[in-house]
Amino acid sequence: MDIFLQQIINGVVLGSIYALVALGYTMVYGILGLINFAHGEVVMIGALVSYSVMTALLPSGMPPVLLALISVLVAAPVCMALAWGIERYAYRPLRHAPKLAPLISAIGVSILLQNLAMMIWGRSYHAFPDILPAIHFDIGGAQITLLQTVTIGLAALTMAILSWMIQRTTLGQAMRATAENPAIAELMGIPVNRIITLTFIIGAALAALAGLMVGANYSVAHYYMGFMLGLKAFTAAVLGGIGNITGAMLGGLLLGLIESLGAGYIEDLTGGFLGSNYQDIFAFLVLIGVLVFRPGGLMGERVSERA
Amino acid sequence: MKMTARFFARLTRHPNDNRVHWLAWALLGLLLASLPWLVAAGFGNTWLRILNFALLYVMLALGLNIVVGFAGLLDMGYIAFYAVGAYLWALLASPQFGLHWPLWAILPIGAGVAGLFGVMLGAPTLKLRGDYLAIVTLGFGEIIRIFLNNLNAPVNITNGPQGISAIDAVHFGNVSLARPLDLGFITLPPLVSYYYLFLVAALLIIGIAIRLERSRVGRAWAAIREDEVAAKACGINTRNVKLLAFAMGATFGGVAGGLFAGFQQFVSPESFGLLESVMVLCMVVLGGMGHIPGVIFGALLLTVLPEFFRQIAGPVQQSLFGSVLVDPESLRMLLFGLALVLVMRYRPSGLWPSPQRRREIEDVQRADAPQDVPVSPM
Amino acid sequence: MTLHKRHTLSAIALLLATLGLTACGNKDNAPAATGEVTIKIGHAAPLTGPQAHLGKDNENGAVMAIDELNSRGLSIGGNKVKFVLISEDDQADPKAGTTVAQKFVDQKVNGVVGHLNSGTTIPASRIYSEGGIPQISGSATNPTYTQQGFKTAFRVFANDVHQGQALAQFATKTLKAKTIAIVDDRTAYGQGLADEFKKAVEAGGAKIVAQEFTTDKATDFKAILTKIKATNPDVLFFSSMDAQGGPALKQARELGLKATFLIGDGGCTPEFIKLAGNAADGQYCSLPGVPLEKMPGGTVFKDKYQKRYNQQIQLYAPYVYDAVMVMADSMQRANSAEPAKYLPEVGKSQYQGVTAKVVFDANGDLATPAVSIYQDKGGSWSYVETVEASAKVAK
Numbered sequence: 001m002d003i004f005l006q007q008i009i010n011g012v013v014l015g016s017i018y019a020l021v022a023l024g025y026t027m028v029y030g031i032l033g034l035i036n037f038a039h040g041e042v043v044m045i046g047a048l049v050s051y052s053v054m055t056a057l058l059p060s061g062m063p064p065v066l067l068a069l070i071s072v073l074v075a076a077p078v079c080m081a082l083a084w085g086i087e088r089y090a091y092r093p094l095r096h097a098p099k100l101a102p103l104i105s106a107i108g109v110s111i112l113l114q115n116l117a118m119m120i121w122g123r124s125y126h127a128f129p130d131i132l133p134a135i136h137f138d139i140g141g142a143q144i145t146l147l148q149t150v151t152i153g154l155a156a157l158t159m160a161i162l163s164w165m166i167q168r169t170t171l172g173q174a175m176r177a178t179a180e181n182p183a184i185a186e187l188m189g190i191p192v193n194r195i196i197t198l199t200f201i202i203g204a205a206l207a208a209l210a211g212l213m214v215g216a217n218y219s220v221a222h223y224y225m226g227f228m229l230g231l232k233a234f235t236a237a238v239l240g241g242i243g244n245i246t247g248a249m250l251g252g253l254l255l256g257l258i259e260s261l262g263a264g265y266i267e268d269l270t271g272g273f274l275g276s277n278y279q280d281i282f283a284f285l286v287l288i289g290v291l292v293f294r295p296g297g298l299m300g301e302r303v304s305e306r307a
Numbered sequence: 001m002k003m004t005a006r007f008f009a010r011l012t013r014h015p016n017d018n019r020v021h022w023l024a025w026a027l028l029g030l031l032l033a034s035l036p037w038l039v040a041a042g043f044g045n046t047w048l049r050i051l052n053f054a055l056l057y058v059m060l061a062l063g064l065n066i067v068v069g070f071a072g073l074l075d076m077g078y079i080a081f082y083a084v085g086a087y088l089w090a091l092l093a094s095p096q097f098g099l100h101w102p103l104w105a106i107l108p109i110g111a112g113v114a115g116l117f118g119v120m121l122g123a124p125t126l127k128l129r130g131d132y133l134a135i136v137t138l139g140f141g142e143i144i145r146i147f148l149n150n151l152n153a154p155v156n157i158t159n160g161p162q163g164i165s166a167i168d169a170v171h172f173g174n175v176s177l178a179r180p181l182d183l184g185f186i187t188l189p190p191l192v193s194y195y196y197l198f199l200v201a202a203l204l205i206i207g208i209a210i211r212l213e214r215s216r217v218g219r220a221w222a223a224i225r226e227d228e229v230a231a232k233a234c235g236i237n238t239r240n241v242k243l244l245a246f247a248m249g250a251t252f253g254g255v256a257g258g259l260f261a262g263f264q265q266f267v268s269p270e271s272f273g274l275l276e277s278v279m280v281l282c283m284v285v286l287g288g289m290g291h292i293p294g295v296i297f298g299a300l301l302l303t304v305l306p307e308f309f310r311q312i313a314g315p316v317q318q319s320l321f322g323s324v325l326v327d328p329e330s331l332r333m334l335l336f337g338l339a340l341v342l343v344m345r346y347r348p349s350g351l352w353p354s355p356q357r358r359r360e361i362e363d364v365q366r367a368d369a370p371q372d373v374p375v376s377p378m
Numbered sequence: 001m002t003l004h005k006r007h008t009l010s011a012i013a014l015l016l017a018t019l020g021l022t023a024c025g026n027k028d029n030a031p032a033a034t035g036e037v038t039i040k041i042g043h044a045a046p047l048t049g050p051q052a053h054l055g056k057d058n059e060n061g062a063v064m065a066i067d068e069l070n071s072r073g074l075s076i077g078g079n080k081v082k083f084v085l086i087s088e089d090d091q092a093d094p095k096a097g098t099t100v101a102q103k104f105v106d107q108k109v110n111g112v113v114g115h116l117n118s119g120t121t122i123p124a125s126r127i128y129s130e131g132g133i134p135q136i137s138g139s140a141t142n143p144t145y146t147q148q149g150f151k152t153a154f155r156v157f158a159n160d161v162h163q164g165q166a167l168a169q170f171a172t173k174t175l176k177a178k179t180i181a182i183v184d185d186r187t188a189y190g191q192g193l194a195d196e197f198k199k200a201v202e203a204g205g206a207k208i209v210a211q212e213f214t215t216d217k218a219t220d221f222k223a224i225l226t227k228i229k230a231t232n233p234d235v236l237f238f239s240s241m242d243a244q245g246g247p248a249l250k251q252a253r254e255l256g257l258k259a260t261f262l263i264g265d266g267g268c269t270p271e272f273i274k275l276a277g278n279a280a281d282g283q284y285c286s287l288p289g290v291p292l293e294k295m296p297g298g299t300v301f302k303d304k305y306q307k308r309y310n311q312q313i314q315l316y317a318p319y320v321y322d323a324v325m326v327m328a329d330s331m332q333r334a335n336s337a338e339p340a341k342y343l344p345e346v347g348k349s350q351y352q353g354v355t356a357k358v359v360f361d362a363n364g365d366l367a368t369p370a371v372s373i374y375q376d377k378g379g380s381w382s383y384v385e386t387v388e389a390s391a392k393v394a395k
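Chains as they are written, first to last, in this note's numbering: chain A, 1 to 307; chain B, 1 to 378; chain C, 1 to 395.
There's no promise every hint is true.
No farther apart than 30 angstroms at their CA atoms in a straight line, the calculated lysine-lysine pairs in the DSBU-like style are these [to be verified]:
(1) 304/C to 40/C
(2) 232/B to 99/A
(3) 99/A to 127/B
(4) 357/C to 302/C
Since the hints were made in silico from the structure, they are not lab data.
Please construct the entire structure, taking both the sequences and the accompanying hints into account.
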């Protein structure tokens with residue numbers, strides 16, 4: 001039972017990280033209908049900037065928590081500026097282009113950022129410093145660290161704040177209006193372009209935070225980390241119903257749990273025929289299953305045939 | 001079914017029944033025939049090998065173009081069909097199972113099985129559109145790769161991550177293309193023989209693609225691409241037509257995969273990663289979705305361009321700054337990424353779109369049509 | 001314009017575009033410099049992508065060998081010679097690997113060191129064999145590479161069979177492990193080594209209690225580690241590169257998994273210790289050959305490397321260095337840099353390298369490959385023992 005509980009904890013932590021990244025995808029998709037493929041790379045940049053800041057300040061003897069705070073305060077503006085640039089120069093000119101053009105442009109940005117990061121941070125894997133003391137809590141025989149608790153809490157908090165912002169603030173109202181119909185929103189006096197830029201920038205700030213959490217949880221950062229993470233997070237967003245904030249959280253958690261329990265129990269479930277080497281198949285099969293029966297994702301509204 | 005039969009009958013008819021510019025075509029034929037010799041003599045076998053790979057990518061891009069360009073279904077796991085074709089060849093013509101079947105048996109089987117996989121992918125995803133389809137197809141591609149990578153236990157089928165080596169080269173009876181081919185009046189080096197084989201295959205595929213586009217099925221695909229609901233209302237059996245798109249596209253991929261395995265004589269799952277799918281998609285979109293010459297151009301460009309960067313990145317820096325400041329290898333990929341962004345920025349419908357499609361897009365841009373922006377719930 | 005005309009024009013334009021593009025690569029075969037004879041050595045490894053740091057390390061090793069050879073002012077066949085390294089990125093991709101190989105053959109390089117990965121080395125070796133160009137890999141460990149019957153294929157590195165046996169022997173005899181868990185990363189390297197290890201462990205009488213899998217792109221290993229924890233093994237053998245092994249060890253300790261951690265050559269790096277942090281203390285890795293400190297010239301090489309590149313040796317640099325040296329040594333003995341002339345001499349090498357005494361068997365593998373075990377003590381790998389891999393590689 002403690003093993004099962006441990007797998008649940010593993011899954012929830014992984015899922016929280018997916019959810020944090022998925023929020024960025026889902027916000028942009030919700031407002032523009034665009035897969036921001038480069039979002040994973042923005043997370044990567046966030047993680048590497050945090051890494052640099054932390055290792056630079058490490059000799060100063062400041063407590064690690066403070067270091068983490070400073071690093072995210074540096075990483076967030078960098079990511080925001082980056083996202084602003086990406087939106088302004090790679091996506092905005094393509095807003096009325098054929099549907100696949102922004103996707104290819106995003107792939108281009110993704111390749112560009114990866115190689116830029118490789119030039120700046122080199123090819124090595126970097127050991128991410130510990131940001132919290134290694135305190136363990138024991139829950140029914142399973143271990144959960146302070147960092148993991150904080151990760152889960154942070155993801156939940158972020159989601160709550162975002163939901164509140166979108167449902168209750170003027171900015172959120174403007175975002176929803178833009179998502180509904182940009183042209184009419186414009187007529188109503190909403191600065192559509194500024195709203196879209198803001199969405200990107202908020203997503204990027206979340207990416208910086210996600211980067212820090214990924215680095216800290218798995219204690220490694222490198223220029224290649226964004227791609228797979230982005231892909232998984234995007235899968236999570238689709239699973240939950242892309243464009244939906246709660247859906248992203250749900251999708252992330254679900255994907256994390258599927259991966260963790262899949263790796264843990266696939267062997268027993270299939271009588272030893274499939275092992276943990278088929279872990280990723282599980283995630284994709286569930287995704288296909290969900291989409292076949294609910295084409296809009298779990299929380300998504302029914303997509304019209306024209307979507 | 002009747003429709004498909006009629007369409008295949010039409011395939012055999014010549015596309016240009018009347019006045020053909022024989023001279024231009026003859027010139028083109030001559031150029032294509034002499035190309036390997038020119039390239040090998042002028043630039044070395046490296047470029048001839050790259051040219052051969054480029055032809056394989058032309059086949060792949062044309063296959064994906066049927067799904068993405070003609071039918072408007074975004075497939076991001078296309079490389080899976082290439083993998084199926086390649087592995088079928090590898091299994092049926094290597095010491096792995098001790099089978100050494102000939103080309104005329106394997107290639108149709110490879111094409112058929114790949115087509116079947118196409119239907120397998122298409123069937124559950126019929127209802128999905130756009131980005132949802134993209135992520136599911138991407139997952140499908142990964143699933144195939146994961147299976148290939150792991151099917152070495154409990155029964156060793158694919159030899160797992162080690163890949164399958166010592167695959168038979170393409171051969172006709174006792175004549176193997178891996179050895180210099182003596183035709184009596186001329187001896188073809190292996191790379192040149194492969195070039196001709198790939199050229200014939202590519203030309204066949206181009207021919208089929210052109211016929212498909214102009215056929216009734218092709219028009220049905222275009223109708224679905226533009227508006228699925230309207231297409232359905234017009235009496236098009238959207239389910240069958242979509243499945244046919246997946247199957248046809250997959251078939252091309254299967255053929256290209258088989259030829260790849262015979263050429264390379266080694267396959268391993270690494271060759272069929274997600275990035276390959278993305279690359280082929282880039283070829284289609286960059287070249288000009290749905291426009292056959294554009295897609296061919298895109299495939300040639302994206303095969304040659306990275307190699308070109310590889311050749312010039314170092315020397316150019318050397319002459320500009322006197323030393324190599326930035327690693328040529330990272331610069332190569334950096335420039336490639338930048339090129340993708342810039343091309344999409346200034347030629348969003350691709351470098352060589354069909355004139356008709358370009359007009360449509362320009363119209364849309366001029367009208368700044370707001371209803372074109374997808375609407376999603378937040 | 002008629003429909004036909006337009007199509008013809010398109011076709012011609014397409015063709016011209018192709019010609020124009022293919023016209024770009026014509027700068028191979030630059031004429032040799034004044035008086036001296038230039039000997040071109042090709043080097044191939046992934047210089048981009050996730051393994052780029054190892055590829056660069058290989059390249060550094062080759063560069064050092066080339067520079068040293070040039071500083072000696074050698075003469076071969078009566079001419080003063082100058083060694084030149086042509087380094088190419090094979091992206092760890094088999095297809096790119098063959099393109100690079102063809103390029104080397106076209107450029108008429110005198111020999112090739114590489115590739116780094118087995119996945120690229122095997123398909124490339126066919127092209128070198130057809131071109132008659134000697135190839136020495138300093139890191140490809142898959143046994144298949146030297147078993148294809150190519151006379152041009154050599155390696156100065158113990159293969160998976162040797163290393164798997166040595167690791168198993170260490171685990172069962174020295175560590176006296178009764179229960180062992182294995183994780184492999186499903187790459188050609190990780191799976192190959194894990195399989196050989198498993199065979200040897202079972203032959204040695206220990207029990208495999210868990211066999212789990214991950215990927216070479218993974219960062220989260222907690223699910224499989226939790227599962228392994230339930231079986232409570234004495235030893236955990238992690239068959240992957242340092243980039244996965246390091247974080248995995250750290251995560252294992254966070255989960256309270258106490259098994260002794262064992263990793264192959266891919267994890268025998270300073271990088272691994274950095275990534276695993278304190279958790280690495282007391283854990284083991286294996287590396288083919290004898291430690292640099294115990295070899296004549298080994299320490300000098302190590303210091304020189306650190307001074308020149310301002311970093312520690314990552315992994316295979318000394319082996320690639322040896323590969324270049326073996327090649328140059330064979331050329332001197334044959335008194336020719338012609339591949340056809342010096343190739344027979346490569347097989348007869350008796351070269352005292354910095355990693356091992358290089359003597360090849362009939363396949364082109366090392367005749368007496370040794371594998372050394374290291375333990376992390378206070379943040380660096382220190383030598384424990386050398387295991388002679390006794391058994392011959394069975395086909």
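So, going through the hints one by one against the coordinates:
1. 304/C to 40/C: Answer holds: residue 304/C to residue 40/C is near 24 angstroms, not above 30 angstroms.
2. 232/B to 99/A: holds (22 angstroms)
3. 99/A to 127/B: holds (19 angstroms)
4. 357/C to 302/C: It holds: about 17 angstroms lies between the C-alpha atoms, which stays within 30 angstroms.
When each numbered hint is compared with the structure, no violation occurs for any of them.
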